[in-house]
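Colleague: Here's the letter readout for the chains.
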Amino acid sequence: MSFAREPLPKATTIKLFKSLFLARRSEEYIVKHYAENLMRTPMHMSMGQEFVCVGVCSALEGKADVFASYRSHAAFLAQTHDTDRFFSELYGRTSGTGEGKGGSMHLAAPDQGHILSSGVVATQIPVAVGAAFANRQLKTGRTSVVFFGDGAADAGVFWESINAAALFKLPVIFVCEDNGYAVDTPREARQVSKSLSDAVKPFGADTYEDDSGDVESVYSLAKEAVAKAHRDRRPAFLNVKCCRYLEHVGIGTDWNWGYRDQATVEREWIDRDALKVQRARLAKHQVTESAIAAMEDEIDKAIQASVKRASQAPIPTPDRLHAGVFYEKA
Amino acid sequence: MSFAREPLPKATTIKLFKSLFLARRSEEYIVKHYAENLMRTPMHMSMGQEFVCVGVCSALEGKADVFASYRSHAAFLAQTHDTDRFFSELYGRTSGTGEGKGGSMHLAAPDQGHILSSGVVATQIPVAVGAAFANRQLKTGRTSVVFFGDGAADAGVFWESINAAALFKLPVIFVCEDNGYAVDTPREARQVSKSLSDAVKPFGADTYEDDSGDVESVYSLAKEAVAKAHRDRRPAFLNVKCCRYLEHVGIGTDWNWGYRDQATVEREWIDRDALKVQRARLAKHQVTESAIAAMEDEIDKAIQASVKRASQAPIPTPDRLHAGVFYEKA
Amino acid sequence: MRKLDYAGAIREATTQEMERDSRVFVYGIGVPTWSSIFGTTKGIPEKFGKERCFDTPISEDAMTGFGLGAAIRGLRPIHVHIRVDFMILATNQLINMVSNYTYSTGGKLKVPLVVRAVIGRGWGQGAQHSKALFSNFTHIPGLKVIAPTTPSDMKGMMIAAIRDDNPVICFEHRWLYWAEEDVPEEPYEIPLGVGRILRPGKDVTVVGLSWMNVEARLAADILAKRGVSVEIVDPRTLAPLDENLIVESVKRTGRCIIADCDWVDSGFSAELSARINEKCFGKLKAPVKRIGFAQTPAPTVRELENEFYPNAKTIVHAVEDMLGLEAANLDGEDFFSHERRFRGPF
Amino acid sequence: MRKLDYAGAIREATTQEMERDSRVFVYGIGVPTWSSIFGTTKGIPEKFGKERCFDTPISEDAMTGFGLGAAIRGLRPIHVHIRVDFMILATNQLINMVSNYTYSTGGKLKVPLVVRAVIGRGWGQGAQHSKALFSNFTHIPGLKVIAPTTPSDMKGMMIAAIRDDNPVICFEHRWLYWAEEDVPEEPYEIPLGVGRILRPGKDVTVVGLSWMNVEARLAADILAKRGVSVEIVDPRTLAPLDENLIVESVKRTGRCIIADCDWVDSGFSAELSARINEKCFGKLKAPVKRIGFAQTPAPTVRELENEFYPNAKTIVHAVEDMLGLEAANLDGEDFFSHERRFRGPF
Ligand SMILES: Cc1ncc(C[n+]2csc(CCOP(=O)(O)OP(=O)(O)O)c2C)c(N)n1
Ligand SMILES: Cc1ncc(C[n+]2csc(CCOP(=O)(O)OP(=O)(O)O)c2C)c(N)n1
Ligand SMILES: [Mg+2]
Ligand SMILES: [Mg+2]
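Residue numbers (the working numbering), protein chains in the order written: chain G, 99 to 428; chain B, 99 to 428; chain S, 11 to 356; chain L, 11 to 356.
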């Protein structure tokens, strides 16, 4: 189902394009430079799936507390657009989101609403529920959003969390980046339910399925879901079908693993790549090719500049090892 | 819904009556003698709920591997009818089901198909799934049955277990003794789903609701569910509404706790007590009052004899403390 | 001052902090219900309402993550487990998440979360309701672990724990709930990480954990009659540990017995022993002795329970053994039995 | 004999036992898939089919209970976790259920369950993919815990574990998977609970755990050049522990360093130290020294990782310190880096 019911305003289309482009190009940079062995942290790439996080985070216009999995890049960049701290963390620099202690799986910019991504499947999910409780009690007006893979729905804590959010009447936005696989195990080999949304519904969340592969659809859906969640004081579950282009972890492809067919993936997903589609939409909005190129160039330059700053930033000194185990008052 | 579609044969009615009576009278003995401080183990009484375990275990005619919670008495006695080892365990004797090491929460007669009851909510549930797998691989013809309370469905592992049983096509019989409370917290304060069965269905189990309060209904339902589970290689989920007459743990009542109303419970449950109903049915089968009294007397005598044997059996000597931490070949 | 019991000390600390700071809340299975966790949350729901004192589904894993999420976004949760055995379901969140949220964010996020866990022997509780598991948490960097023994320590340490910006796991032995002593009425903090000498002595140091300090005191009284002077040190906080206090005591006495209410193998007594041996090298007159549970699951039957759980007798005999004294006949002594409630001063 | 690596030893032990005994099966997340847990299950699905080698949902809690249920009803499961950090989700079943099923049934039920957990440093893995947690399991009665270092030990101990009627947790350091040595082709058992002297020496005993034995050997080679003779003892089984072997070694050398690849506080090194100090009282020439992770969550950036993880250098310097030697300049020495795969004989 697609949720792009009416054309979005030009500014939104541009915003979504830029955010998608930023995530894509940042990862392309990683792919190109990973072999230099300067980003020494395991990379779970978002490439292909960025539209999910971009659609949702853009809809929230910053007022979100985002929790993500180890597949964190798109979620982080969609929410913060902060390539400086992003690359600094991947390069293990003091200027990174966790001064190099977190790495790719643990990106954290709580001041910008990306709280912390997590490497153990489903662990971030209940945390989002608690954050939503705090947001309500403290009347912050922020919305808790949690991204996770279809694999996370294998885990009992996922069901506990939906139930708890519904029970406590919390407007948590649960977003399943449903790429159909946990590593190379397909959903059918792990879950019996035909539709995850159908299984979630009795637990008290409003459910939404999106298989458009389109960022504008996800954006529209998220707007609707967030509004309803706040209005009705209920969690929302968004199941967004998507496709991971690269291998589970690392910067290569995995066509040789034999669990999915390259031609099929290309036909069903890569040919209608969300970024490509969004770029084409710009033309419909009378954005000229040279204007698009200028936007792209600007983002590329920003990435280059961030990378440069990152690679020149200081590496943590050994004494930092013991710092920050406990919170130190500023 | 009630599943007693057609009258059961007289022999079955009698069997169910006896089994119910055995469980009830055994617990009545406990209530009467607990204050003597010789059964020094926490008691989670089944009284009022016995018809659930009796109905299910009777339907399986012994060929079951039963897993139960700390509310274990009815499950144990319905499956084994072994008051000797039951009371021996409660009295902490070497002749008990765990030579006194287990107590009321950990009754175990694996040779009779009552594997082990467990005191941590929901822990016994996945174990039943593994046992079903073994039963299939080893072609034992036995059926795995697991009893748990409505509280266990709060726990993620419950959902993981149903999914796993369905995924592996295992005919596990999940039986929820739905007394509506976890200690004094009602289901509505813990679970959002309107009907637990509706929530379970998408996970791949056949679901059955029974609110008859009647042992014959549960018996018929279990027969049907077990047959279908084996035929279709699917788990079954039986949600049987029932009522705990006594307090959560201990031998007293809890009307003064304020979470439920004595008059309502009496009207809705105790007045149509399953044992009373079953006794009345015997008359319809032309069993005379004196024949019934004789059956009752026989069971009472058996209980007395078991208690006597138990109280005369040896208490474990201190050297048994370190025995059995690891399995010792016979 | 007035007398207050340990359960009351927890209740008073919680109430006072909830009054002082509207961000504090307390939750967990059974917390606001009739039984109110041994009375430790009695009256709190009435006073602060359902949003600040609430029950949860039996979903320990999710409800721990919930506490973490609330803590990092500005609240100060207290999560209660009526048995540490059930807190095992929270270990994934506690070890994989709660313990390293501050570190992995480069020190940016604070985690002001208190997790309370009840431990201790009951009435034939068996293997699933009897654990302590101190060391499973003291092993993990980023977690603070406390186990106060006296009501006044409990009040001050609970307040300190609630005010701490880091996760604190508080172990509460159920037999202590009835212990009474003079406890100041106003709120006060006892800093975490500072131990306490519960009884000065000179012949042997007993490092007691939680309830075992009560047993140690009884043992010390018995031994005093024979002229043996026992020093009792209560670390109170297990992590971070007040190592110095313990080490100085053992250096003075030259002898050390560690009395734990947990398994000995890889228990917290092992960590204490390792540190004492390292820091008191050459100053010990006898090997450090560890006392704890028998290395078996907890049995249910009373006669084996009595073998499983250490008590004052175990300590007396260990001291006698260490000092080369004859084993005393303890028949006339009055040992604690949980069938009569404990009311001692600590 | 032919050379076999550690991953191959696991694969061969598993395969041979599955051939011998149709009740043995192996399962877990990713077990039969392309990556085959570092190659340890490669070829097994093809050979034994989907019923005896299968993948699972990401439901560690349920899938552990599943293994327990299968074990008590006649099968012999091997459950694999690609990281011990994920096995934390199995702790409720392991600690509350698996460990006491035999005891609570009065010894009637056997639990022939093997649980494999991968540990060890990777490529900037950070706080959630780096733990070892040995002591969280050695603390629990009813669980056996092994951590073989060499391929031949691994093969024999894995076979022994599979044949054992009790739950065995097997810790496998990922850097060891590439270690190669001569390994007999036929099946054989190395009894659990028996340690091994990996290298005899006389000046100092290093008790190494898992990978740290490799570091210890490197340290011993370096120190040998300076005339220092190091004895390396590998307990191999952590519970039940071959205490005697260790104690006798330390009595001979008079000095002991425990090298662990886990946190020091309340780690297994604490248990070892406590026992050694007790049993070698008066025979030690220096305090027992513990080496392990820094007491912080694991950082990701390489420069801090290098501070966090101990290695041969740490051991060399500890030995120097203990013997009062000048710290050697180790610049010329060749230390292991995981960027080149390990191929040593143990
Ligand atoms: C509790 C846990 N078990 C196992 C793993 C190993 N693991 C890492 S990613 C992954 C697959 C998760 O799949 P999914 O949730 O669909 O996310 P995706 O990688 O597809 O984005 C697994 C099994 C883990 N990280 N955590
Ligand atoms: C994991 C866990 N959390 C909490 C408890 C404490 N507790 C014991 S029984 C119980 C209520 C369970 O209710 P239900 O499953 O409905 O069973 P019932 O007692 O009604 O038969 C609770 C919360 C426990 N035993 N295990
Ligand atoms: Mg996926
Ligand atoms: Mg109930």
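Don't read these hints as lab results, they were simulated from the structure. The model shown is predicted, which means the values in this text are computed figures rather than measured ones. There may be inaccurate statements among the hints.
[What the hints assert, rightly or not] Calculated cross-link-like contacts (lysine to aspartate or glutamate; reagent style EDC-like; alpha-carbon spacing at most 16 Å): (1) Lys427(B) / Asp175(L); (2) Lys295(L) / Asp344(S); (3) Lys267(B) / Glu61(L); (4) Lys212(S) / Asp231(S); (5) Lys295(S) / Glu253(L); (6) Lys323(L) / Asp341(L); (7) Lys267(G) / Glu61(S); (8) Lys118(L) / Glu126(B); (9) Lys399(B) / Asp209(B); (10) Lys57(L) / Glu29(L); (11) Lys427(G) / Asp213(S); (12) Lys118(S) / Glu426(G); (13) Lys289(L) / Glu288(S); (14) Lys237(B) / Glu61(L); (15) Lys235(S) / Glu199(S); (16) Lys113(G) / Glu426(G); (17) Lys299(S) / Glu288(L); (18) Lys292(G) / Glu134(B); (19) Lys267(G) / Glu286(B); (20) Lys374(B) / Glu126(B); (21) Lys292(B) / Asp304(G); (22) Lys293(L) / Asp231(S); (23) Lys267(B) / Asp369(B); (24) Lys292(G) / Asp180(B); (25) Lys261(L) / Glu336(L); (26) Lys323(L) / Glu336(L); (27) Lys116(B) / Asp209(B); (28) Lys235(S) / Glu336(S); (29) Lys289(S) / Glu336(L); (30) Lys293(S) / Glu288(L); (31) Lys292(B) / Asp209(G); (32) Lys299(G) / Asp296(B); (33) Lys118(S) / Asp209(G).
Colleague: Each of the hints needs a verdict: does it hold here or not?
Modeller: Consistency of the hints with the structure:
Distance hint between Lys427(B) and Asp175(L) is fulfilled; the C-alpha atoms sit about 9 Å from each other, no more than 16 Å. Annotation: proposed proximity of Lys295(L) to Asp344(S) is violated, straight-line Cα distance about 44 Å (limit 16 Å). Of the supplied pair hints, the one linking Lys267(B) and Glu61(L) holds, its CA atoms being roughly 12 Å apart against a limit of 16 Å. Distance check on the hinted pair: Lys212(S) and Asp231(S) sit about 14 Å apart at the alpha-carbon level, within 16 Å; holds.
Distance hint between Lys295(S) and Glu253(L) is unfulfilled; the C-alpha atoms sit about 23 Å from each other, more than 16 Å. Using a Cα cut-off of 16 Å, the hinted pair Lys323(L) and Asp341(L) holds, with the two alpha carbons roughly 10 Å apart. About 12 Å separates the Cα atoms of Lys267(G) and Glu61(S), which keeps this hinted pair within 16 Å; it holds. At roughly 29 Å between alpha-carbon atoms, Lys118(L) and Glu126(B) are farther apart than 16 Å, so this suggested pair is violated.
In summary, the hint linking Lys399(B) to Asp209(B) is not supported, as the alpha carbons are separated by about 25 Å, beyond the 16 Å threshold. The suggested pairing of Lys57(L) with Glu29(L) holds, with an alpha-carbon distance near 10 Å, which does not exceed 16 Å. A threshold of 16 Å between alpha carbons decides the hint, and for Lys427(G) with Asp213(S) the separation of about 43 Å lies outside it, so the pair is violated. This hinted pair checks out: Lys118(S) and Glu426(G) have alpha carbons roughly 9 Å apart, not beyond 16 Å.
Of the supplied pair hints, the one linking Lys289(L) and Glu288(S) holds, its CA atoms being roughly 15 Å apart against a limit of 16 Å. Under the criterion of a C-alpha separation no larger than 16 Å, the hint pairing Lys237(B) with Glu61(L) is consistent with the structure, at around 13 Å. Between Lys235(S) and Glu199(S) the CA atoms are separated by roughly 36 Å; this puts the pair beyond 16 Å, and the hint is violated. As the CA atoms of Lys113(G) and Glu426(G) are separated by approximately 38 Å, the hinted pair breaks the 16 Å bound.
Our distance criterion of 16 Å between C-alpha atoms is met by Lys299(S) and Glu288(L), whose separation comes to about 8 Å. In summary, the hint linking Lys292(G) to Glu134(B) is not supported, as the alpha carbons are separated by about 56 Å, beyond the 16 Å threshold. The straight-line distance between the Cα atoms of Lys267(G) and Glu286(B) is roughly 13 Å, inside the 16 Å bound, and the hint therefore holds. A C-alpha spacing of about 15 Å is found between Lys374(B) and Glu126(B), which places the hinted pair at or below 16 Å, so the restraint holds.
A hinted pair counts as satisfied when its Cα atoms are at most 16 Å apart, and Lys292(B) with Asp304(G) qualifies at roughly 14 Å. Distance hint between Lys293(L) and Asp231(S) is unfulfilled; the C-alpha atoms sit about 34 Å from each other, more than 16 Å. A distance of roughly 41 Å separates the Cα atoms of Lys267(B) and Asp369(B); the hinted pair therefore is violated under the 16 Å criterion. A hinted pair counts as satisfied when its Cα atoms are at most 16 Å apart, and Lys292(G) with Asp180(B) does not qualify at roughly 44 Å.
A distance of roughly 25 Å separates the Cα atoms of Lys261(L) and Glu336(L); the hinted pair therefore is violated under the 16 Å criterion. For a cut-off of 16 Å, the pair hint linking Lys323(L) to Glu336(L) stands: about 14 Å separates their Cα positions. Pair hint Lys116(B) plus Asp209(B) does not hold up; C-alpha atoms about 22 Å apart against a cutoff of 16 Å. Of the supplied pair hints, the one linking Lys235(S) and Glu336(S) holds, its CA atoms being roughly 14 Å apart against a limit of 16 Å.
Taking the CA atoms of Lys289(S) and Glu336(L), the gap is near 23 Å; set against the 16 Å cutoff, the hint is violated. Restraint check: the Cα-Cα separation between Lys293(S) and Glu288(L) comes to about 14 Å, which is no more than 16 Å; the hinted pair holds. Straight-line distance between C-alpha atoms of Lys292(B) and Asp209(G) comes to about 39 Å, which puts the hinted pair past the 16 Å bound. A C-alpha spacing of about 10 Å is found between Lys299(G) and Asp296(B), which places the hinted pair at or below 16 Å, so the restraint holds.
Using a Cα cut-off of 16 Å, the hinted pair Lys118(S) and Asp209(G) holds, with the two alpha carbons roughly 9 Å apart.
When held up to the earlier numbered hints, the structure conflicts with 2, 5, 8, 9, 11, 15, 16, 18, 22, 23, 24, 25, 27, 29 and 31 and fits the remainder.
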